[in-house]
Amino acid sequence: LLADGPADPAAPAVTWARLVHAAARHPLLDRIGARTVGTRELLSDPALRAEVDEVDYDDPDAVELTEAVLALVGDRALELPTWLGGLPVPGDDGDLYPADELLASDAPLRAALVPDSPYGTVDPDWEERYPAAALASIGVGWTFGVLREEYPTGPDDTLDGGQDWWDTLPAEPTELVAVRDLDLVDRWEPALALIADLPGVLDDPDGYTAWWLRTHTELGRQRPPDDPSFAGLLDPCPHPAASALGPALFTRVTGRRDAAVLLDALADPERSPSPGVIVAAYRAIGEWAARSGTHALGDPPATVRTSRIVAMSFCEPR
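Okay, so the sequence shown: first residue is 40 according to my numbering, each after it adds one.
Keep in mind that the hints were calculated from the coordinates and are not lab data. Cβ coordinates follow ideal geometry from the N, Cα and C atoms, glycine included. A hint or two may mislead.
For each label pair, taking beta carbons as the anchor points, the in silico distance ranges come out as [said to hold, decoys possible]:
| id | residue 1 | residue 2 | range |
| --- | --- | --- | --- |
| 1 | 190 | 309 | 43 to 53 Å |
| 2 | 41 | 190 | 46 to 56 Å |
| 3 | 170 | 307 | 22 to 32 Å |
| 4 | 255 | 307 | 16 to 26 Å |
| 5 | 330 | 79 | 38 to 48 Å |
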């Protein structure tokens, strides 16, 4: 095989494929049968995955595998298989760790996570030797990690609340795209800014990331600033990235929790919705109740606004 990337004669040897050494490359090799492979193809090889799975993190020489991979990546930012996060990388304490268990020393994610997060820090010498883009390509943290899986048959067991989310889906999704470690966030202002910059993670309002943010943070009680459907009942999202966070905000009633959010707002004497908004809120709850066959909401507020209509169909009588 001939790698189509930059040739570095000093790079450690590729051990998982029969790759022509950089010093032996010649145009004639292609004519006599050597095949040129792209970097992504070479770094997606099942033989490489097998080597990653067998890494001994107590062996100092294990980093040679990582060095060979980084030599192929060069200074590029590539979207590579997530299992490359198992490549051994030295931490600032001298021990080897999987790449995806380390953060860059100046990673903005660090400011969003709890102080006792399980992430370590990359060895400073490695940060000087290799571009940040290359380290990020193999899983070293800069921002949130993203799990991407085509045609999943079940939730990933590393996702917080993954099974609860999966149970809300009407059918198996064709792709699972999920932001990792949301349960480790301590400061949501910087965290939401990072999430808003991640491509594709909030494209699906029913996806894991949007579901988790809607059910675990205040976003589930806030509306998009440009959507007046529940104005006066729900506050607009004040985050600067509110437009990108739209799929995680409250726009419709999809479950018992959403219905409870609207009923709590209807019971709040400090709110000042218009009669039309009140009617829209009851209609949204009623339509969900009809779709789901729900006849009661468990423990609704003692009193709610009615705007001359009665919510008998979805509140148990007191």
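Violations among the numbered hints: Those not satisfied are hints 2, 3.
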